[in-house]
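J.: The listed protein sequences correspond, in order, to chains A and B.
Note that the first sequence ends on residue 483 in the numbering used here; no numbers are left out.
Note that the second sequence ends on residue 1150 in the numbering used here; no numbers are left out.
The set of hints was computed from the structure by calculation and includes no laboratory data.
Note that this is a predicted model, so its numbers are computed, not measured.
The beta-carbon is built from N, C-alpha and C at its ideal position, and this holds for glycine as well.
Please note that the accuracy of each hint is not assured.
[As the list claims (entries may be wrong)] Calculated pairs, DMTMM-like style, for lysine to aspartate or glutamate (alpha carbon to alpha carbon, straight line, at most 20 Å): (1) A:K463 - A:D135; (2) B:K1006 - A:E177; (3) A:K161 - A:E177; (4) B:K1006 - B:E1017; (5) B:K1080 - B:D1119; (6) B:K1006 - A:D477.
[Unchecked claim] Taking beta-carbon pairs under 8 Å as the criterion, some of the chain B residues facing chain A (in silico): (7) F982; (8) K1004; (9) G1047.
[What the hints assert, rightly or not] Just a sample of chain A residues kept apart from chain B, beta carbon distances all over 12 Å, derived: (10) P71; (11) A154; (12) T158; (13) G241; (14) D429; (15) A432; (16) S438; (17) M449; (18) I451; (19) R452; (20) A453; (21) F454; (22) G456.
Here are the chains, one letter per residue:
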Amino acid sequence: MSQVVERERPASPQLAHYTAEYQRAVGQTPAQPRWVLQAREHAIAQFERLGFPTSRLEQWRFTSVAPIADRTFNLATDGVAKLDKTLALPMSDDPALAVLVNGRFNAQLSSLAGLPTGVKVLGLEDVLASNPGLVEPYLARLTPTQTNAFTSLNTAFLRDGVVISIAPHVVLEQPIEVVFAAVAEGTASVSHPRLLIVAGESSQATILERYVGTGSAFTNAVGEIWLGANATIDHYKLQEEPAESFHIASMLLHSARSGTFSSHSLTFGGGLVRNEVVAVLDGEGIDCTLNGLYLGRGRQLIDNHTTIDHAMPHCGSHEVYKGILADHSRAVFNGKIIVRPDAQKTDAKQTNKALLLSDDANINTKPELEIFANDVKCTHGAAVGQLDEDAMFYLRSRGLGVAESRAMLIRAFAGDILNRVKIAPVREHLGNILTDHLPHVD
Amino acid sequence: MLEIKNLQVRAGTKDILRGISLSVGAGEVHAIMGPNGSGKSTLARVLAGHAEYEVVGGSVSYNGKDLLEMAPEDRAREGVFMAFQYPVEIPGVNNSYFLKAAVNAKRKHQGLPELDAMEFMVLLREKANILHLDPTLLSRPVNEGFSGGEKKRNEIFQMAVLEPRLAVLDETDSGLDIDALKTVAEGVNAMRSPERAIIVVTHYQRLLNYIIPDFVHVLQDGRIVRSGGKDLALHLEEKGYSGIEAAQPQLM
């Protein structure tokens, strides 16, 4: 499919670099089904057309991706040789564990024995080779509608990843953990991990995505989640990549009627982080919770963009994002809620709060409501503040030191998000980060 | 125990305390009375180490140490406690969790082993009983949604748990009905001991019917204009603050 693409501006050397990398990657990829190759071709064309976003685009106004666009990232190899294996250990006791290194599924590091009947956790490359029918109705079906250059870039390089498939009516007790380890190679390398979750009707599962790594790696991740009717997914994304890394991710959710989806985006690492969540509530009676907690230190930039698309009536969405920003860190929050004409009786609530621990930290926060139905309830609120000085004095006047008082108040600020984290080791881990690893306050 | 000499304090550009001298010994209860704006709450808050105030002159010595040089938490660990006039609500911080941290910060400072959860619960229950404190308040966030009376009772409860050597009660009686006032006073009286000094800051004589002071000081316009025994409070009740000033214009 060769087509002439009109560009708004001359192609940068970097775009040409990715096109060349794409050609090379296609040549090296094991045979893929035709529909995958077509999706990839479509995606690289879309990426070439879009180019890297600039701050002239409303959705990227406060986030410059120049540090990514101006560098040459080579496509990472499987990276296993240089992997610190301790990064790939699970957090909970005895979970099902899938490990991806630089976007490539690693069966040796994974621990997937003992999954209940009806639950499959597989490497995507294997699935595409042996049983592509399993994923054909779902893979890359949510992405083409996105006009996000990074999502296109991921699809263009689609090769491997993790597939989680849960049969109807199966209830999983233990969480499924997916570790995405990014091991930088050379001066800068990129990987494009892919996650596909298909939860059958009335199934229930808890899934933890954990992003870790070493060095100046660029992780460009895409996840697609399909929730069947009446299915329940409790989803966590814990981001702890190193400060010199780059992390751009899209999570796209499609829910059928009466699905219950809750997601917790927990961002602590990464130098430049953009989390995009798009949830399409495409059935009646869906309950969607998007929670977020992030801690910015040093010169981190943490950008959360969420879209909840109420396409059908009687759905509820609840969104609480909380940020703690220290040093020179910056954050962006943009919460879009679309209520389509048919989506009567929608109940949508959005809250964004940020705690600035330093005069040099800042946040740009914006709700974006597009409401086309008339019988709906939509509320939103944002609050940005500093640690309460009266509370600090109160705690200190009882003998608690400055650091301890501060940690107590910060933990309290994050408390309502932490308390909803149902995986105990993750909850404890987050508590420890907030208690023991906080930077100094100016 | 506490030696305040010619203390002068400013908030912003405003002089609030204009030379206070006061000596408080172990085992004594001092009442500091005065009209609104006389500076009595400022005195309490300065003793606790509030950063809003600037000490521009004088000294405060506590057990031989320069109190003004100490951080608020060090004062607390050394045994100074202020019951707040307006206790601060701290959402998300559990009341007993907070108190346990406070008790253990103090014990650590004293070189004592920290209390474990069990020992601490025993201590909490014992003190909560004395103050007739609703035990459910212990598991709630600090002061959040407490009634005015519950907040004040919680302050005295904290005092009972922390067992300070110098307790400063800043208008603990304000906003209390008579039953709550009695309970709070009982709690304070139970704390009286030869090793402990208590300073009661109040606008009204009412509280002093229940907490009988050894000394009463009248503060006006940033100065102590009169000192005396417990009868001075009764005199004030009768004549009012303006009566005092008219009768004793030169006092100081």
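J.: Taken at face value, is the distance from the CA of B:E1017 to the CA of B:K1006 at most 20 Å?
T.: Status holds; Cα separation ~15 Å.
J.: Minimum C-beta separation from A:A453 to chain B exceeding 12 Å: can you confirm that?
T.: violated (3 Å)
J.: Confirm or reject the statement that A:I451 sits farther than 12 Å, beta carbon to beta carbon, from all of chain B.
T.: The claim breaks: A:I451 does not keep its Cβ more than 12 Å from every Cβ of chain B (closest is about 10 Å).
J.: Minimum C-beta separation from A:A432 to chain B exceeding 12 Å: can you confirm that?
T.: violated (5 Å)
J.: Verify this label for me: A:F454 is non-interface relative to chain B, using a Cβ-Cβ cutoff of 12 Å.
T.: The claim breaks: A:F454 does not keep its Cβ more than 12 Å from every Cβ of chain B (closest is about 7 Å).
J.: Assess, step by step, whether the Cα of B:K1080 is no farther than 20 Å from the Cα of B:D1119, and give holds or violated.
T.: Violated: B:K1080 and B:D1119 sit about 30 Å apart, past 20 Å.
J.: If we take the beta carbon of A:G241, is the closest beta carbon in chain B still more than 12 Å away?
T.: holds (38 Å)
J.: Please confirm whether A:A154 is truly not at the interface, meaning its C-beta sits more than 12 Å away from all C-beta atoms of chain B.
T.: holds (39 Å)
J.: Starting from B:K1006, check that the Cα of A:E177 is at most 20 Å away, please.
T.: violated (63 Å)
J.: Find the nearest Cβ of chain B to the Cβ of A:M449 and say whether that gap is larger than 12 Å.
T.: Since the minimum Cβ distance to chain B is about 6 Å, A:M449 lies within 12 Å and the statement is violated.
J.: Does B:G1047 hold up as a contact with chain A if the rule is Cβ-Cβ below 8 Å?
T.: At about 19 Å, which exceeds the 8 Å cut-off, the nearest Cβ of chain A leaves the hint on B:G1047 violated.
J.: Is the Cβ of A:S438 more than 12 Å away from each Cβ in chain B?
T.: violated (5 Å)
In this structure, the earlier hints numbered 2, 5, 9, 14, 15, 16, 17, 18, 19, 20, 21, 22 are contradicted, and the remaining ones agree with it.
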